[in-house]
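Quick mapping for you: the protein sequence lines, in order, are chains E and P.
The opening position of the first sequence corresponds to residue 1 in the numbering used here, with each subsequent residue numbered one higher.
The opening position of the second sequence corresponds to residue 1 in the numbering used here, with each subsequent residue numbered one higher.
If you're looking for bench data, these hints aren't it; they were derived computationally from the structure.
Quantities reported herein were computed from a predicted structural model and do not represent experimental measurements.
A couple of the hints might just be wrong.
[What the hints assert, rightly or not] So the derived list for chain P, only partly shown, Cβ under 10 Å to chain E, looks like this: (1) A71; (2) V74; (3) V75; (4) V76; (5) A80; (6) P148; (7) R170; (8) L171.
[What the hints assert, rightly or not] To give an idea of the interface, some chain P residues facing chain E are shown, with a C-beta separation under 10 Å as derived from the structure: (9) P51; (10) F54; (11) E85; (12) I197; (13) A200; (14) E248.
Using N, Cα and C, we set each Cβ at its ideal position, and we do this for glycine too.
Each chain is listed here by its residues.
Protein chains: 2
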Amino acid sequence: MSTSCNDLPPCATLLERTRIVLVETSHPGNIGAAARALKTMGLRQLVLVRPRQFPAAEATARASGADDILAQAVVVDTLAQAVAECGIVIGTTARPRYLEWPVTPPREAAEWAAAQTGAAHLAIVFGREQTGLSNDELRFCQRAIRIPTAADFSSLNLAQAVQICAYEWRLAAPPEAAAAQLASEPLATGAELAGLIAHAKATMTRVGYLNPTRPQRLPDRLARLVGGGQLRHSEAQILRGFLSAIDEALADL
Amino acid sequence: MSTSCNDLPPCATLLERTRIVLVETSHPGNIGAAARALKTMGLRQLVLVRPRQFPAAEATARASGADDILAQAVVVDTLAQAVAECGIVIGTTARPRYLEWPVTPPREAAEWAAAQTGAAHLAIVFGREQTGLSNDELRFCQRAIRIPTAADFSSLNLAQAVQICAYEWRLAAPPEAAAAQLASEPLATGAELAGLIAHAKATMTRVGYLNPTRPQRLPDRLARLVGGGQLRHSEAQILRGFLSAIDEALADL
Chain E
1 MSTSCNDLPP CATLLERTRI VLVETSHPGN IGAAARALKT MGLRQLVLVR PRQFPAAEAT
61 ARASGADDIL AQAVVVDTLA QAVAECGIVI GTTARPRYLE WPVTPPREAA EWAAAQTGAA
121 HLAIVFGREQ TGLSNDELRF CQRAIRIPTA ADFSSLNLAQ AVQICAYEWR LAAPPEAAAA
181 QLASEPLATG AELAGLIAHA KATMTRVGYL NPTRPQRLPD RLARLVGGGQ LRHSEAQILR
241 GFLSAIDEAL ADL
Chain P
1 MSTSCNDLPP CATLLERTRI VLVETSHPGN IGAAARALKT MGLRQLVLVR PRQFPAAEAT
61 ARASGADDIL AQAVVVDTLA QAVAECGIVI GTTARPRYLE WPVTPPREAA EWAAAQTGAA
121 HLAIVFGREQ TGLSNDELRF CQRAIRIPTA ADFSSLNLAQ AVQICAYEWR LAAPPEAAAA
181 QLASEPLATG AELAGLIAHA KATMTRVGYL NPTRPQRLPD RLARLVGGGQ LRHSEAQILR
241 GFLSAIDEAL ADL
């Protein structure tokens, strides 16, 4: 095992501690796509057990900028080597259950893994495109992930499965930095809403759309329309401005 | 728009009601991989806006068994056509925020969408591989999804982005046996919202409130105002009626 997987900072995060292991991948394009998938989610370690063809131009093409992940990828002969330092090894399977291991969805597995602070190294292991992992290989795993799929079409591409697991790993990992805050724009006040409704009614009456003596359901609907949608202060101002412009246009003519 | 997207059972599930829209996809392989991705998660509707090449052998190869999704895919010329019947349109973006729309992670967006029983049809819209969606296209959307990624490598492949969103949609969907009844009062459709916005702009221009040659931020704000509040069909009709009455009053004078 190369040391490239092992040079961890003293307080490594879940993403830094987790390696993605691909066993006997047939298509080099899938290796490249997997590299891209894991890099987008902040994972960095890729370990390849007996890939059919690697390095390969198709892998580099599909990595699409994740070349560094491919360049650092470690190629080994056995799964035992790939997971040698790992305190936690999680397999992946399309079967609803296998052997005696707990089979969990990726979200639960990621949350579980995030809580296992005792393991310096973790592995998620993906099997062959056609046949997955053998029972012998699954015996290396403390648990297995099964990604929920449609009952009639469970054929997830390898890199897509890597993407979903990497995505859940990222969400389960403690944040690197505070997420971008959505700008908080104030909602319109009750007084602004009441003023808007009164103005709209006046203009509606003026153009003959509302008959104040027989309003029917329009006032109720107008109140719900204005009050029910969490109108922002700036939006209420836009509507008031529009109504005023209508009033002026009618006065000018 | 073909009827293939519209023949919904009376109690359609979230997955049955949601279409995946790909705008001007360059690589047919991505269309095939997207078809496979959505089928694994139980989605069935794929709509393609001006794909560079479709049908294509590469699309079929990458669909890998999801040929039926490709065969049923609807090809249209404009995004407006793609989302015409949709009460909810959700864009996707790599930007942390844009215009005035709420940008949410896929999980929150899926949970929100699952709760919107007023919309018979929903769309998730994915832009071009290199440049995403234009601002004009994002104006069709009531909100946008941004998939969380590593800060230094946010380059998600298109089909991978589809996979993650489809996965979250599947997890958020109520079990198929318990499909929610659609709310009795439907939301306005995309076509109704587009018509309302166009009408409002015309009337605003007529009364001098909007200068079409120097619109500044008004079109964006109008789009958010109309599209962001989950306007009901009946409410859109009220607003159209009011605008028509203004037009008539101006014509009479």
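Query - Numbers of unmet hints, in rising order - result: Per hint list: 1, 2, 3, 4, 5, 9, 10, 11 and 12 violated.
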